[in-house]
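Protein chains: 4
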Amino acid sequence: MAEQEIALIVGAGPGLSASLARLFKKEGMKVALAARSPKKLDGLLKEINGHAYPCDAVVPKDVEDLFNSVSRDNGEPNLVVYNASRRIHGPITAVDPGEVLNAILVTCYGGFLVGQAAAKRMVPAGKGTILFTGASASIKGFPNSASFAMGKMGLTGLVQSMARELQPQNIHVAQVVIDGGIYEPTRDAERLKSRGPDGWLDPDAIAQTYLNLHRQHRSAWASYIELRPWTEKF
Amino acid sequence: MAEQEIALIVGAGPGLSASLARLFKKEGMKVALAARSPKKLDGLLKEINGHAYPCDAVVPKDVEDLFNSVSRDNGEPNLVVYNASRRIHGPITAVDPGEVLNAILVTCYGGFLVGQAAAKRMVPAGKGTILFTGASASIKGFPNSASFAMGKMGLTGLVQSMARELQPQNIHVAQVVIDGGIYEPTRDAERLKSRGPDGWLDPDAIAQTYLNLHRQHRSAWASYIELRPWTEKF
Amino acid sequence: MAEQEIALIVGAGPGLSASLARLFKKEGMKVALAARSPKKLDGLLKEINGHAYPCDAVVPKDVEDLFNSVSRDNGEPNLVVYNASRRIHGPITAVDPGEVLNAILVTCYGGFLVGQAAAKRMVPAGKGTILFTGASASIKGFPNSASFAMGKMGLTGLVQSMARELQPQNIHVAQVVIDGGIYEPTRDAERLKSRGPDGWLDPDAIAQTYLNLHRQHRSAWASYIELRPWTEKF
Amino acid sequence: MAEQEIALIVGAGPGLSASLARLFKKEGMKVALAARSPKKLDGLLKEINGHAYPCDAVVPKDVEDLFNSVSRDNGEPNLVVYNASRRIHGPITAVDPGEVLNAILVTCYGGFLVGQAAAKRMVPAGKGTILFTGASASIKGFPNSASFAMGKMGLTGLVQSMARELQPQNIHVAQVVIDGGIYEPTRDAERLKSRGPDGWLDPDAIAQTYLNLHRQHRSAWASYIELRPWTEKF
Chain B
1186 MAEQEIALIV GAGPGLSASL ARLFKKEGMK VALAARSPKK LDGLLKEING
1236 HAYPCDAVVP KDVEDLFNSV SRDNGEPNLV VYNASRRIHG PITAVDPGEV
1286 LNAILVTCYG GFLVGQAAAK RMVPAGKGTI LFTGASASIK GFPNSASFAM
1336 GKMGLTGLVQ SMARELQPQN IHVAQVVIDG GIYEPTRDAE RLKSRGPDGW
1386 LDPDAIAQTY LNLHRQHRSA WASYIELRPW TEKF
Chain P
1186 MAEQEIALIV GAGPGLSASL ARLFKKEGMK VALAARSPKK LDGLLKEING
1236 HAYPCDAVVP KDVEDLFNSV SRDNGEPNLV VYNASRRIHG PITAVDPGEV
1286 LNAILVTCYG GFLVGQAAAK RMVPAGKGTI LFTGASASIK GFPNSASFAM
1336 GKMGLTGLVQ SMARELQPQN IHVAQVVIDG GIYEPTRDAE RLKSRGPDGW
1386 LDPDAIAQTY LNLHRQHRSA WASYIELRPW TEKF
Chain F
1186 MAEQEIALIV GAGPGLSASL ARLFKKEGMK VALAARSPKK LDGLLKEING
1236 HAYPCDAVVP KDVEDLFNSV SRDNGEPNLV VYNASRRIHG PITAVDPGEV
1286 LNAILVTCYG GFLVGQAAAK RMVPAGKGTI LFTGASASIK GFPNSASFAM
1336 GKMGLTGLVQ SMARELQPQN IHVAQVVIDG GIYEPTRDAE RLKSRGPDGW
1386 LDPDAIAQTY LNLHRQHRSA WASYIELRPW TEKF
Chain R
1186 MAEQEIALIV GAGPGLSASL ARLFKKEGMK VALAARSPKK LDGLLKEING
1236 HAYPCDAVVP KDVEDLFNSV SRDNGEPNLV VYNASRRIHG PITAVDPGEV
1286 LNAILVTCYG GFLVGQAAAK RMVPAGKGTI LFTGASASIK GFPNSASFAM
1336 GKMGLTGLVQ SMARELQPQN IHVAQVVIDG GIYEPTRDAE RLKSRGPDGW
1386 LDPDAIAQTY LNLHRQHRSA WASYIELRPW TEKF
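Chains as they are written, first to last, in my numbering: chain B, 1186 to 1419; chain P, 1186 to 1419; chain F, 1186 to 1419; chain R, 1186 to 1419.
Since the hints were made in silico from the structure, they are not lab data. There could be a bad hint or two in this list.
Note that identical chains are pooled: a pair holds if it fits in a single copy or bridges any two copies.
What the hints assert, rightly or not - In silico lysine to any residue, SDA-like type, Cα no more than 25 Å apart, as pairs:
no.: 1; residue 1: K1211; residue 2: Q1401
no.: 2; residue 1: K1224; residue 2: S1204
no.: 3; residue 1: K1224; residue 2: Q1401
no.: 4; residue 1: K1224; residue 2: P1276
no.: 5; residue 1: K1312; residue 2: E1417
no.: 6; residue 1: K1418; residue 2: R1380
no.: 7; residue 1: K1312; residue 2: S1379
no.: 8; residue 1: K1231; residue 2: N1253
no.: 9; residue 1: K1210; residue 2: H1274
no.: 10; residue 1: K1225; residue 2: I1367
no.: 11; residue 1: K1231; residue 2: Q1401
no.: 12; residue 1: K1215; residue 2: D1258
no.: 13; residue 1: K1312; residue 2: D1364
no.: 14; residue 1: K1231; residue 2: D1281
no.: 15; residue 1: K1418; residue 2: A1390
no.: 16; residue 1: K1224; residue 2: E1188
no.: 17; residue 1: K1210; residue 2: L1396
no.: 18; residue 1: K1418; residue 2: D1364
no.: 19; residue 1: K1378; residue 2: G1283
no.: 20; residue 1: K1224; residue 2: A1187
no.: 21; residue 1: K1231; residue 2: V1244
no.: 22; residue 1: K1305; residue 2: G1275
no.: 23; residue 1: K1215; residue 2: A1279
no.: 24; residue 1: K1325; residue 2: Q1401
no.: 25; residue 1: K1325; residue 2: P1353
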């Protein structure tokens, strides 16, 4: 009998992370979630029969504690997703340096801490998958959005470095760049309709690509993929 | 009952194209193959119960005839793969201009002709998928290999232009860049072993990614993906 | 006394090439021009005291003859610029295959022929500079413009391959991507004004960057640069 | 009479920054330098008759104080170069999180703070140039070097965002990626010889490209350029 897989999703919320959790569960995995305020995940946890852990991904000790708790409760995760980010918007002359720093930390440095903790466990195990979520800012630095461009392109640097270092150790490292808006039922109805059918990325459709990456045969791994709606300008 | 899908693979041979043909067949599709010398495909055709057509992909009339024959025999293809390429190797000062031209034609212009013929049928149908095969030369122009760099980067230009033009018409256009050597049992045994286990791309593994692209939900389409073995330097 | 430099500009017309010719002349070079119809260059030739040659850059024999004539009349060129291109515009389903082929030939294959002829002379000489002109289509494949995307991205493949091959032989190979409209006094006056001051690329300003590339010290060569107006969206 | 230009170089040391300082001085500019320990700059300061300021570029207050002091002593800088970086090397599983954070801060966040302070002064002035120094890690994330990849790709995000935001306000923003080793006389003599003549980037040659960028006409600005020795593999 194949060993049960353990997935850990860091930066969990009601959107993409919930779709990932449901799909991983459906595939037979145990699913653990981490968020700064895991309380909001109660409904989802019941649905997938999973665990949630409080974790501020920019605090090294929090991340270490998270991996220790997940291992203790579920076993070592062999599929880890980093899905947290933060951005601030405004003219470069006006944005607050502390908030810019915080955005870089959450988007990029938290990815490093989680990637490092995952690698520390996967390298001895000799296998695993680590996936990161990118955004349009991974491809292009937009005006009035320097913090997000720094965070997401910095994350690309992390993914490239980790892929080159860890893939020859049988650990698949990849980034999924989401170049468009994700459908969220809580958005304004008029706005949702404005892009036409399937004009927003369906989080279940995105999740399928994460799973496909995890399932790729190691002779033909991808470490980068961009997803966008059929109607998206790019 | 869902309509049966029709796949057409242009540039068919014993490697990747055979894996694509088998996988598409297994998924319930009718499969048509095109090659300059389809005789070599006899074994594969029996296995997949498919049709093969002679076609020189750089000749507009050949390509038109191909699509007409495929439609007549199988129905209009809704999944078309362009997998042909040619390269010549040598110092820029020494390569023969006629051979360089031929390499550009097979690798890039043939892709245009096949893509155009597919689009002419898919646009009125309001759906379809067109996939192109790239190579390391799609990413980087290597010394002594200008013809392949021109052909494959030119093909990237085609894919980007077609994706931006046709995706809003519900036609998925994508490129799979194969950045490494494909496993071929006919290679020298010592050479095959030299890269270690899974050090060559398994064509069945590559084919799975083509299928995944075809199956993507249109709210989250990719139009570019690179595949390489876990041990590949890049 | 330093040897006089010989510049050859292929694809010469009244815009960028004229600015290049004037600047190279001002720098003390002998300047030769090649065009399909060199008659139109008469005014410029008088101004720069240069030679013009008829040449269809997609015909190998024409390109060989051109280099032989230039060498005979002026000496071997040590700075060669390829500035020719052609594009056709229209839906992929409607464009004429013959015109698409011609666009690829002029934009990309002609660059190969000229680059090869230049390399054949510069490699034995042990030095030289070969510069190519790119466009927005070098960066991004636009809808309804597949021919130009194929031609210009194919040209990028050529430049990358030649740079990696020839730079260690002391031949500088580079591409200048012009991402915006070039100022041409013959454009409609209202249209010229519509982009505001300096909203079109001044061809004299572009020419300065070509010269700067040619003058770079070989310990710090660039082989790629994008130019756009300060107000350009990108 | 043209107004005297004021240049500020942050992250000053004996290598590239010294070449920049000398070239800017030779061009008639006043030159100010900032470093964590400006004591080491005494010799250079005498040579260029410039000022040096202590500044830890990751501390917002230090950066504000720096710009205030420079303005008071020299006038508002209209050419600002950010040249500081830090990296740590080691397996992702072994590097210290605090040191990784520090590397990101110096390489990327310090660039933001200096870029922001420069923009605050240049936007009201309606002109200026801000240049950033990149590295091979700006192009490719190397194994065992995640911190540098995060820092330098993050910096690319900053440059792209600032260029798109500030260039339409007449402020030129660009990055010079140095893809190779810079010549430093203090390196081991055998090592220096190992790459052959001009196998290391000459800092004076690099500085010339910075100056060329600053001097570009605004109708044809570049915001990205890679420099490497003629013999460099890439």
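Q. What label fits K1224 with S1204 when the C-alpha limit is 25 Å: within, between, both, or neither?
A. This pair counts as within: shortest intra-copy Cα distance 18 Å, inter-copy 48 Å.
Q. When no copy is specified for K1378 and G1283, does a C-alpha distance of 25 Å or less occur within a copy, between copies, both, or neither?
A. neither (37 Å within a copy, 42 Å between copies)
Q.
I want to check one pair: K1325 and P1353. Are their C-alpha atoms no more than 25 Å apart within a copy, between two copies, both, or neither?
A. between (29 Å within a copy, 17 Å between copies)
(Q) Checking an output row: K1225 and I1367, CA cutoff 25 Å. Within, between, both or neither? (A) within (19 Å within a copy, 47 Å between copies)
Q | Alpha-carbon proximity context of K1312 and D1364, limit 25 Å | A | between (29 Å within a copy, 22 Å between copies)
Q) Between copies, within a copy, both or neither: which fits K1418 and D1364 at Cα up to 25 Å? A) Both. Shortest intra-copy (10 Å) and inter-copy (19 Å) distances satisfy the 25 Å Cα cut-off.
Q) How would you classify K1210 and H1274 at a CA-CA limit of 25 Å: within, between, both, or neither? A) The answer is neither: 36 Å in one copy and 38 Å across copies each exceed 25 Å.
Q. For K1312 vs E1417, is the C-alpha pair at or below 25 Å within one copy, between two copies, both, or neither?
A. between (36 Å within a copy, 17 Å between copies)
**Q.** Up to 25 Å CA-CA - V1244 versus K1231, copy category
**A.** neither (28 Å within a copy, 45 Å between copies)
Q. Quick one: K1215 to A1279, C-alpha cut-off 25 Å, is that within a copy, between copies, both, or neither?
A. neither (45 Å within a copy, 28 Å between copies)
Q.
For K1312 and S1379, with the copy left unspecified, which applies at a CA distance of at most 25 Å: within, between, both, or neither?
A. So K1312 and S1379 pass the 25 Å test across copies only (22 Å; inside, 44 Å).
Q: State whether the alpha carbon distance between K1224 and Q1401 is at most 25 Å within one copy, between copies, both, or neither.
A: neither (34 Å within a copy, 33 Å between copies)
Checked against the numbered hints listed earlier, the structure breaks hints 3, 4, 9, 11, 14, 16, 19, 20, 21, 23; every other hint is satisfied.
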